[in-house]
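Residue numbers (our numbering), protein chains in the order written: chain G, 1 to 329; chain R, 1001 to 1324.
Because the hints were derived from the structure by calculation, they are not lab data. Quick caveat, the model's predicted, so the values are computed rather than measured. For glycine and all other residues, C-beta sits at the position ideal for the given N, C-alpha and C. Do not rely on the hints blindly, as some may be mistaken.
[What the hints assert, rightly or not] Going by beta-carbon spacing under 7 Å, a handful of chain R positions derived as facing chain G:
1) Gly1069
2) Asn1073
3) Met1075
4) Leu1159
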Amino acid sequence: MTARTTRSSSAAKKQHYLDLLRQMLLIRRFEERSSDVYQVGKIRGFLHLYIGEEGVAVGAMQTLTPEDAIVSTYREHGHALARGMPANELMAELYGKATGCSKGRGGSMHFFDAERRFYGGYAIVGGGLPIAVGLALADKLMGRKRVTACFFGDGAVAEGEFHESLNLAKLWNLPVLFVCENNLYAMGTALAVSHSVTDLASKAQAYGVPSQAIDGMDVLAIEAATSEAAARVRASDGPEMLEMRTYRFRGHSLADPELYRTKEEVERWKEHDPIPAFIQKLRDLQLLGDPDLEQIEASVKQEVEAAVAFAEASPWEPLEDLTKDVTAS
Amino acid sequence: MTTMTYREAVRSALSEALRRDPRVFVMGEDVGRYGGAFAVSHGLLEEFGPERIRDTPLMESTFVGAGIGAALNGMRPIVEIMTINFSMLAMDQVLNNAATLRYMSGGQLSVPVVVRMATGGGRQMAAQHSHSLEGWYAHIPGISVLVPATVADARGMLLAALEEPDPVFIMEHATLYPMEGEVDEGSGACDIRKAAVRREGQHVSLITYGACLWKALAAAERLAEKGVEAEVIDLRVLRPLDSETILASVRKTRGAVIVEEAWRTGGFAAEVSAQIMENAFDVLDWPVQRVCGVEVPAPYAKHMEDASLPQVEDIVEVVEANLV
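Isolated chain R, as found in the complex:
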């Protein structure tokens, strides 16, 4: 096992893929000469050259569309979008083309494109760089949506995404890039269908993904000090959603709190909540709870941004208020 950062884990997957598959290339804004806005692709231009590490102009819609076109024509493009807020400029290509072409062509076409982007708040980047819109992507049939929370998943999920015959979107929470973790560098693709139980417990299920996993684990630690054993579920994959792991946990704990940075109204937590109601209503001791982002555009000032995002104490409070 090697210790590396989340950023280095993504980079190690990128360079491994570039080394072993000539169909793989990377394109996006500032991925080459700048080394990536989050320094993920730092050094790749020097190793693989400008044909395979392609700096694009600022044209999210067109370079995502070009990724789709190249994937249709035999390549394995890895497209980087700087942040999920910027990806809104590419939503036409995502929704109307990437997600539809296999179905609309009666199964003739395959779009094996991988699109990576940074998501989430907590870095005082204000309201055009900080949102968590992965739930919007998860609404779309025809694509996969991956939300790696651990260093091992940051590497293994990207390698797995490259083996998929359909479009895969990977949302990397921007606060995770400097986080260190253990990785087996010999490990290849990991599973991208299942949620993971990151901590076992029998009193409540904390269901979350991305950077909120670490807040949920910290909350579970605090709850344990008070004798409450929380089970922590890392969804890992928002589409296709692993409902079985969620339901198995809730059937055991009989209570659920869903934690995500996205806004409450119509967020992904609402989908998880609905699935629990539909399939495990009879086992619940108390109503499903959500700890979500406050419904404001992300504020810049630190105290305001902190208050707008789910925090460890919010999770602890919700559990304590309901688990009497």
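This is chain G alone, in the form it adopts within the complex:
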């Protein structure tokens, strides 16, 4: 290896790491801002924040190509941003505006982007898994080497559709990467109150689906595990599951009084906040200086503020379109 390629590959590595950091910060600041906007009543309905879990979406999304498909949940802002959906369209969707990614029909829980193959946020827990199996079935029948990444939480693992979907995906060797975001609570019900076996990754093995548990607060570990798993899924046409052990720092939604866990527990987890941890790691590697971080924070802030301005200025869908697109005709 020449000195020149070493320099350029280390520059590429630095750029990639800074990009990961920027994506995580974009999700964090986007959601903090959307929470503020919610408090003043400009966003209504449910708002389920992903804060604390950003490493999972950002780490997992890196290996996916534009041809791959994403199936998400009602806690999906992070997945959508990491997939490259424009912050403008997402904030506009939270506002319920016609320029939103779902024209204001879906809100926080139902982002869609057909072009980016983001097949939506599913708000019936577990309901997205069969959809992912079907997307992958179509790819297999058509002979396309694509991966469908299906995100869901620990709560979904208690649903029958989790077990049915893993069974079917393995039985038919379908290219689904199941990504379980285990944040330890199904709304307010702790893992141990929901599951007779709390090792969620082990459940996949009952169906012959290879699985492993990953530190869901470490973006690089997530990226590495997902890249390897997705490559195997793509090559072999068989499903795998990754259990990302993570934590949400905010309530289930903004309506949550958080009676089911202690402040101390939340504070303990905040010590593992994926963003400061990654910043520290990059500083230790001398890949991040104060000017870099300031520049990233400033550009993220600008993007989020532009999204708010875009949403504010956007029109509402006209009332005469109320019954449009119930069916095609």
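Dock chain R against the given chain G, drawing on the hints supplied.
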């Protein structure tokens, strides 16, 4: 024209679709090796192979959801659910996903899935295999609900369903599978927007669908012997409902009896009745009547099941009691 059974008509539509469109595949419980619980898909596995005739495990929710996912991704899946009672396990996918995705995505997504299932009673299958829940489906915007009563419709409606860009649910009454009828095998898709006037008459409109069509036609025959000319409307499609054909008939006959196997309370007959009241109240000579299933879980014993379902004499009696 060829004579074939209702079962063979559905099968001929399935094999035609499989032959001409590589995006079409069939999946469901026992559709392959067993040949279909009602023998509809008998022989298709041998002709089209296991990639396109897919036996699923018993997981109604997930194989219906997988049908939705495959439809989102360019396929034309035909999903078979053994009976409408079993389809209750899949209602989350039907209601929350199939019916909502186009609207909720702001028109970006299309779910061209076809789901077939057997419905109805009359075969002593008791209370977990015999109900008529198609009215529940018809409550849901975003889907079509087809109820073919004739052999020709059994074939033509399935072919038409495959041309739709949105989810189509086809409820096939289980007692109809062995029924013979005439079909033009060269005919393709038929209309799936209009009701059909199966018998013309000027004294009363008998409005029905599915297997009850044949009871209504038999009742019309009996009434004709007594000088009463009944018009028989086969709804064919519960959603979108062809209100015009219903109202045109009622405006002519000035009296309506709606016949269905489903329970009276909140059944589809109630919707038809309400539309007549809202739009043709002024022409009615007597109140709209309903002949519906008795409000019990379907009983097993034959005499009890017969008594729980609309019968020809029930229809005749209601007409005679009102048409004085």
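Quick rundown of the hints versus the structure:
1. Gly1069: holds, 2 Å
2. Asn1073: Interface hint status for Asn1073/R: holds (4 Å vs cutoff 7 Å).
3. Met1075: Hint on Met1075/R: holds, closest Cβ of chain G at ~5 Å, below 7 Å.
4. Leu1159: Given a least distance of 18 Å, the restraint on Leu1159/R is violated.
This entry does not satisfy hint 4, going by the numbered hints stated previously; all others are met.
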